[in-house]
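Q: Those sequence lines, one after another, are chains R and G.
Mind the numbering: the first sequence is residues 0 to 266 in numbering that gives the first Met the number 0, read in order.
Mind the numbering: the second sequence is residues 0 to 332 in numbering that gives the first Met the number 0, read in order.
No lab work stands behind these hints: they were computed from the structure.
As the structure is a computational prediction, the values presented were derived from the model and not from experiment.
Warning: the hint list may mix true and false statements.
[Unchecked claim] Here are the simulated lysine-lysine pairs, BS3-like style, with alpha carbons at most 27 Å apart:
hint: 1; chain 1: R; residue 1: LYS231; chain 2: R; residue 2: LYS158
hint: 2; chain 1: R; residue 1: LYS231; chain 2: G; residue 2: LYS134
hint: 3; chain 1: R; residue 1: LYS150; chain 2: G; residue 2: LYS17
hint: 4; chain 1: R; residue 1: LYS150; chain 2: G; residue 2: LYS82
hint: 5; chain 1: G; residue 1: LYS48; chain 2: G; residue 2: LYS37
hint: 6; chain 1: R; residue 1: LYS174; chain 2: R; residue 2: LYS50
hint: 7; chain 1: G; residue 1: LYS134; chain 2: R; residue 2: LYS151
hint: 8; chain 1: G; residue 1: LYS224; chain 2: R; residue 2: LYS254
hint: 9; chain 1: G; residue 1: LYS323; chain 2: R; residue 2: LYS254
hint: 10; chain 1: G; residue 1: LYS17; chain 2: G; residue 2: LYS63
hint: 11; chain 1: G; residue 1: LYS323; chain 2: R; residue 2: LYS264
hint: 12; chain 1: G; residue 1: LYS134; chain 2: R; residue 2: LYS255
hint: 13; chain 1: R; residue 1: LYS174; chain 2: G; residue 2: LYS48
hint: 14; chain 1: G; residue 1: LYS323; chain 2: R; residue 2: LYS25
hint: 15; chain 1: G; residue 1: LYS134; chain 2: R; residue 2: LYS264
hint: 16; chain 1: R; residue 1: LYS50; chain 2: R; residue 2: LYS158
hint: 17; chain 1: G; residue 1: LYS17; chain 2: G; residue 2: LYS54
hint: 18; chain 1: R; residue 1: LYS108; chain 2: G; residue 2: LYS82
hint: 19; chain 1: R; residue 1: LYS174; chain 2: G; residue 2: LYS82
hint: 20; chain 1: R; residue 1: LYS27; chain 2: R; residue 2: LYS254
hint: 21; chain 1: G; residue 1: LYS265; chain 2: R; residue 2: LYS254
hint: 22; chain 1: R; residue 1: LYS255; chain 2: G; residue 2: LYS224
hint: 23; chain 1: R; residue 1: LYS208; chain 2: R; residue 2: LYS108
hint: 24; chain 1: G; residue 1: LYS17; chain 2: G; residue 2: LYS37
hint: 25; chain 1: R; residue 1: LYS243; chain 2: G; residue 2: LYS224
hint: 26; chain 1: G; residue 1: LYS92; chain 2: G; residue 2: LYS134
hint: 27; chain 1: G; residue 1: LYS224; chain 2: R; residue 2: LYS264
hint: 28; chain 1: G; residue 1: LYS134; chain 2: G; residue 2: LYS37
hint: 29; chain 1: G; residue 1: LYS17; chain 2: R; residue 2: LYS174
hint: 30; chain 1: G; residue 1: LYS37; chain 2: R; residue 2: LYS243
hint: 31; chain 1: R; residue 1: LYS255; chain 2: G; residue 2: LYS323
hint: 32; chain 1: G; residue 1: LYS265; chain 2: R; residue 2: LYS158
hint: 33; chain 1: R; residue 1: LYS27; chain 2: G; residue 2: LYS134
hint: 34; chain 1: G; residue 1: LYS63; chain 2: R; residue 2: LYS243
[As the list claims (entries may be wrong)] Sample of chain R residues facing chain G (criterion: CB under 8 Å; computed from the structure):
hint: 35; residue: LEU49
hint: 36; residue: ALA139
hint: 37; residue: SER145
hint: 38; residue: SER154
hint: 39; residue: ALA227
We put the CB at the ideal spot given by N, CA and C, even for glycine.
Letter by letter, the chains look like this.
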Amino acid sequence: MALNIVVCVKNTPTTTNVSVDSCTGKIKSQGLLYAMNPYDEYAVEEAVRLKERVPGSTATALTVGPDSSESVVRDAVSRGCDGGVAVVGPEFDGDNSYAASFALAAAIKKLSAQSPVHLVLFGKNTNDGNSGMVGAETAAWLDWPSIVSVKKIDSIDDKSAVVWRMMEGGVDVLKVALPACLSTVKEINEPRLPSLKGKMAAKKAAIPKWRASDLNLKAEELGALAPALVSKCSAPPSRPAGMKVEGASSAEKAKKLVDILIERKLI
Amino acid sequence: MSQANSGILVVGLVQRGKLASSAYELLTAGRALADTLKEPLVAVVLGAKPADYAKDLIERGADKAFVIEHPSLENFNDELHTKAVAELVEKEKFGKVLIAASVAGKSLAGRLAVRLRAGLAADASEVYQNGTGLKARRMQFSGNIISEVQFASAVQIATVQPMTYPRSERQPGRSGETVAVAFDPGPARIEFVSFQAEETSEVDLGAAERIVSGGRGLGNADGFKIVRDLAHAIGAAIGASRAVVDSGWIPYRHQVGLTGRTVRPKLYVACGISGQIQHLAGMSSSGTIVAINTDPECPMMQLASVAVVGDVNELLPLITAEIKARRGTAAAA
Chain R
0 MALNIVVCVK
10 NTPTTTNVSV
20 DSCTGKIKSQ
30 GLLYAMNPYD
40 EYAVEEAVRL
50 KERVPGSTAT
60 ALTVGPDSSE
70 SVVRDAVSRG
80 CDGGVAVVGP
90 EFDGDNSYAA
100 SFALAAAIKK
110 LSAQSPVHLV
120 LFGKNTNDGN
130 SGMVGAETAA
140 WLDWPSIVSV
150 KKIDSIDDKS
160 AVVWRMMEGG
170 VDVLKVALPA
180 CLSTVKEINE
190 PRLPSLKGKM
200 AAKKAAIPKW
210 RASDLNLKAE
220 ELGALAPALV
230 SKCSAPPSRP
240 AGMKVEGASS
250 AEKAKKLVDI
260 LIERKLI
Chain G
0 MSQANSGILV
10 VGLVQRGKLA
20 SSAYELLTAG
30 RALADTLKEP
40 LVAVVLGAKP
50 ADYAKDLIER
60 GADKAFVIEH
70 PSLENFNDEL
80 HTKAVAELVE
90 KEKFGKVLIA
100 ASVAGKSLAG
110 RLAVRLRAGL
120 AADASEVYQN
130 GTGLKARRMQ
140 FSGNIISEVQ
150 FASAVQIATV
160 QPMTYPRSER
170 QPGRSGETVA
180 VAFDPGPARI
190 EFVSFQAEET
200 SEVDLGAAER
210 IVSGGRGLGN
220 ADGFKIVRDL
230 AHAIGAAIGA
240 SRAVVDSGWI
250 PYRHQVGLTG
260 RTVRPKLYVA
270 CGISGQIQHL
280 AGMSSSGTIV
290 AINTDPECPM
300 MQLASVAVVG
310 DVNELLPLIT
320 AEIKARRGTA
330 AAA
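Using the sequences plus the hints, can you model the full thing?
A: If you want it as structure tokens, here you go:
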């Protein structure tokens with residue numbers, strides 16, 4: 000009844016304070032530092048907690064990206080994953096969730112052929128592309144069920160899991176047959192920092208690198224798998240300059256603010 | 000050459016008997032596209048008993064409405080809702096699909112895009128026409144970058160951020176055809192167990208026209224009382240910064256920002272929130288931003304439409320009292 004868990008992670012810029020190259024209309028990537036997408040830390044933590052909950056389980060980190068992405072898999076190992084795989088190549092350098100999810104699905108199929116995967120975990124979204132689509136898309140390529148916005152994995156065995164989904168007006172409790180893909184939200188746990196033991200393990204870990212050809216993916220097919228493309232990036236329009244409410248006392252400021260809100264028909 | 004896909008489909012989810020009102024916003028976005036492209040604007044409602052809403056959506060601008068009625072669609076089921084919408088799009092050959100960027104809508108859109116081999120723009124803040132196709136604007140990198148997405152696929156999907164478009168008005172007497180669609184869910188791998196509603200007195204953040212939001216400047220968890228008081232006085236939803244959610248002052252469902260909810264109210268009152276970039280990403284598209292903070296230099300005060308320098312703990316009760324006093328005078332007059 001042990002579980003084989005895969006957790007998908009992405010190497011993303013450590014800052015969202017990026018700018019656009021006015022000539023190319025693309026984001027300036029030069030000089031940016033990369034680390035694990037912060038929202039993926041919750042998914043990694045949950046994988047490690049499930050491993051602790053269900054004896055004999057394994058947690059495998061999986062990423063897709065350019066050659067440099069291997070480091071994010073090591074980071075996941077330092078946080079408690081048993082190992083991981085990096086699917087790398089220049090064709091994966093981009094923020095096309097459609098092609099990324101296709102490659103993830105192909106890698107999960109390959110892992111499953113070695114030892115059946117029960118559960119794949121994802122973060123809420125990435126801090127670069129912000130789409131939050133990859134979990135549902137990967138599940139769709141695999142033809143597995145998926146649930147997004149998961150705030151709790153209640154009971155679980157190798158056949159099914161009962162999970163809590165955070166909706167706008169409340170919480171859905173759902174029972175999902177495994178294998179399945181779950182996208183987590185921050186409320187699911189509080190991630191621990193990498194341990195010293197974990198860091199040592201990460202240093203020593205052998206991280207297999209799979210190329211597109213190892214997954215029988217062809218670059219031109221992946222290219223064709225971009226039914227939506229970012230044609231142009233730009234900085235957001237700046238908001239009109241604001242006004243300051245002045246007043247000799249707090250009471251005066253409060254009165255003036257209420258005047259403005261009424262005048263603008265906001266209350 | 001096969002006939003090109005045509006028609007703009009707006010997806011309306013009816014859960015536990017209620018249509019998500021974001022469908023009315025999608026009708027506004029869809030109507031503009033339909034008029035420009037000279038294509039029909041079509042709605043679909045899905046649920047256990049969604050039929051009443053078909054007429055509602057026609058009165059609000061849809062030319063035709065499809066009804067997919069099945070007990071399995073009472074609560075959102077990622078697989079079954081996808082199957083139902085996908086089969087309709089395939090049969091009717093719609094070219095564009097607009098879905099609300101809600102929890103359910105986003106999951107539906109992701110699975111639908113793969114199944115239909117369709118391009119997808121997630122969390123669009125604007126959708127418009129590009130030749131005969133669709134173009135969408137969306138934010139990346141916590142709102143630091145606006146990207147334009149264009150499509151190469153026959154079917155083009157966008158999830159649209161709540162509150163981006165106004166709700167379409169009802170035009171009584173407006174008529175259109177309603178078509179019932181047979182749906183066979185097949186075996187389901189996700190089983191609904193139960194739903195636990197939040198306190199019903201709360202206004203949902205995503206659909207709120209006014210939000211009062213609190214941060215570290217409130218001092219402690221008890222400080223949220225004055226935020227609630229103002230929110231109740233003006234019928235606003237209650238928001239919060241990440242810092243105070245992490246400190247346990249208020250539950251996560253109130254968190255505004257990239258890690259929480261993206262909101263777009265007409266009025267956003269930021270009380271003692273300095274404005275971390277992730278927070279700003281979730282609310283900087285709000286209509287009017289009022290910031291109350293002791294630090295005039297903090298990012299939120301710089302972003303604000305109206306900035307009030309001062310201690311929220313002193314100012315908020317005065318503002319709430321002032322609003323109540325004016326209401327009292329207005330009622331007496």
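Q: Given the hint that LYS134 (chain G) pairs with LYS264 (chain R), test it: the Cα-Cα distance must not exceed 27 Å.
A: Not satisfied, since the Cα-Cα distance of roughly 33 Å exceeds 27 Å.
Q: Straight-line Cα separation of LYS17 (chain G) and LYS174 (chain R) no greater than 27 Å?
A: Roughly 23 Å separates the two Cα atoms, so the pair holds.
Q: Can SER154 (chain R) be said to touch chain G, with a Cβ gap under 8 Å?
A: With a minimum Cβ separation of about 11 Å from chain G (threshold 8 Å), the hint on SER154 (chain R) is violated.
Q: Going straight from one Cα to the other, do LYS224 (chain G) and LYS254 (chain R) come out at no more than 27 Å?
A: Given pair LYS224 (chain G), LYS254 (chain R) holds - Cα atoms ~21 Å apart, limit 27 Å.
Q: Holds or violated: LYS134 (chain G) with LYS37 (chain G), Cα cutoff 27 Å?
A: holds (16 Å)
Q: Check the hint pairing LYS265 (chain G) with LYS254 (chain R) against an upper bound of 27 Å on the C-alpha distance.
A: holds (20 Å)
Q: For the pair supplied as a hint, LYS243 (chain R) and LYS224 (chain G), is the alpha-carbon distance within the 27 Å limit?
A: holds (26 Å)
Q: Starting from LYS231 (chain R), check that the Cα of LYS158 (chain R) is at most 27 Å away, please.
A: violated (45 Å)
Q: For a C-alpha distance cap of 27 Å, please report whether LYS63 (chain G) and LYS243 (chain R) respect it.
A: violated (49 Å)
Q: Does the alpha-carbon distance linking LYS108 (chain R) and LYS82 (chain G) stay inside the 27 Å limit?
A: Satisfied, since the Cα-Cα distance of roughly 23 Å is no more than 27 Å.
Q: Has the given pair, LYS323 (chain G) with LYS264 (chain R), been kept, meaning a C-alpha gap of at most 27 Å?
A: Holds. LYS323 (chain G) to LYS264 (chain R) sits at ~16 Å (cutoff 27 Å).
Q: LYS255 (chain R) and LYS224 (chain G): Cα distance at most 27 Å?
A: holds (23 Å)
The structure fails to meet hints 1, 5, 7, 12, 14, 15, 20, 24, 30, 32, 34, 35 and 38 from the earlier list, while all remaining hints are met.
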